[in-house]
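Construct the complete structure from the given sequences, taking the supplied hints into account.
Protein chains: 2
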Amino acid sequence: MANDDFMRLAREEALRGIRNGHGGPFGAVLVRNGSVVSSAHNEVLRQKDPTAHAEILAIRRAAGVLDRPHLDDCVLYTTCEPCPMCLGAIAWARIPRLYFGCTRNDAEEIGFSDRQIYALIRDEPSTILLERISLERSSCLQLFHEWRNHGDHILY
Amino acid sequence: MANDDFMRLAREEALRGIRNGHGGPFGAVLVRNGSVVSSAHNEVLRQKDPTAHAEILAIRRAAGVLDRPHLDDCVLYTTCEPCPMCLGAIAWARIPRLYFGCTRNDAEEIGFSDRQIYALIRDEPSTILLERISLERSSCLQLFHEWRNHGDHILY
Chain A
-16 MANDDFMRLA
-6 REEALRGIRN
4 GHGGPFGAVL
14 VRNGSVVSSA
24 HNEVLRQKDP
34 TAHAEILAIR
44 RAAGVLDRPH
54 LDDCVLYTTC
64 EPCPMCLGAI
74 AWARIPRLYF
84 GCTRNDAEEI
94 GFSDRQIYAL
104 IRDEPSTILL
114 ERISLERSSC
124 LQLFHEWRNH
134 GDHILY
Chain B
-16 MANDDFMRLA
-6 REEALRGIRN
4 GHGGPFGAVL
14 VRNGSVVSSA
24 HNEVLRQKDP
34 TAHAEILAIR
44 RAAGVLDRPH
54 LDDCVLYTTC
64 EPCPMCLGAI
74 AWARIPRLYF
84 GCTRNDAEEI
94 GFSDRQIYAL
104 IRDEPSTILL
114 ERISLERSSC
124 LQLFHEWRNH
134 GDHILY
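As given, the protein sequences belong to chains A and B, one line each in that order.
For the first sequence, the numbering used here gives the first residue as -16, with consecutive numbering after it.
For the second sequence, the numbering used here gives the first residue as -16, with consecutive numbering after it.
Heads up, a few of these hints could be off.
[Unchecked claim] Computed footprint of chain B on chain A, listed as stretches where at least three residues anywhere in the stretch have a Cβ under 8 Å from a Cβ of chain B: (1) 63 to 74; (2) 111 to 124; (3) 127 to 137.
[As the list claims (entries may be wrong)] One side of the interface only, derived from the structure: several residues of chain B facing chain A at Cβ under 10 Å: (4) 4; (5) 10; (6) 31; (7) 47; (8) 66.
In case anyone wonders, no lab produced these hints; they're calculated from the structure.
Keep in mind the model is a prediction, meaning the values are calculated, not measured.
Note that CB positions come from ideal geometry on N, CA and C, so glycine has one too.
Shown next as structure tokens:
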């Protein structure tokens, strides 16, 4: 299968989500060695879970199938540029390449907040108001020492 | 209960995760009307899920308890500044305020990638290499039209 075929599968996922009213019009497919490992569409409304974006669900499913948190041998196809939450998940999963269809600006035009969340994370003016207050840094730092001294601490 | 008490609960969550080897040294608590709605620690290794950060798990649990994707009446306490994935989730959940202990720089000092993922999302030089390739935007845009024309499409 070629890139176009995988993107078609991602679109078909999105269509399933739209027709069932599961959430936004977004689909994603994860591919490894030319085969589909997982696919998903946005299920924020169905699951009543704000993190249930297509990319997050595809990543969680692929990690489950492969039984490991790192997907560094996988490629992601997604019908829309990932939001910062999903882009973060992609980075934590060590996915090295993604193909995307629509852009964050396209998503904004139909009413989604992707571009405003990018602005928030980039410390640019954003419609999203979030108060972030530092508290008890020194006692929280002790957790890091505890973790370092714990015999089998593992980085991921 | 006061802010200090909720942060103590978040630290206790983190400690449970460290002692059980579930993942990184991070804990989070979500509070509504002065009561704890959910709490979680990082379980990336236990669940083999790269998205299983403390904040993501706390948000998913609270959304499950309250049976809605929006947590705009909740406050988050987290032992470390949220990574971009978690900050995105916080924004999608419409959480208006968060208290954090350690910083992204503290997390980097013990080996975690938070700061590099911030750099990736801010289009600054980053150690994280991720190829992002645009593909079939116009056919993906058709999904947006389909969604808009769908009777019960709902923004979230």
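Hints and how they fare:
no.: 1; hint: 63 to 74; verdict: holds (count 11)
no.: 2; hint: 111 to 124; verdict: holds (count 13)
no.: 3; hint: 127 to 137; verdict: holds (count 8)
no.: 4; hint: 4; verdict: holds (5 Å)
no.: 5; hint: 10; verdict: holds (8 Å)
no.: 6; hint: 31; verdict: holds (5 Å)
no.: 7; hint: 47; verdict: holds (7 Å)
no.: 8; hint: 66; verdict: holds (6 Å)
Checked against the numbered hints above, the structure breaks none of them.
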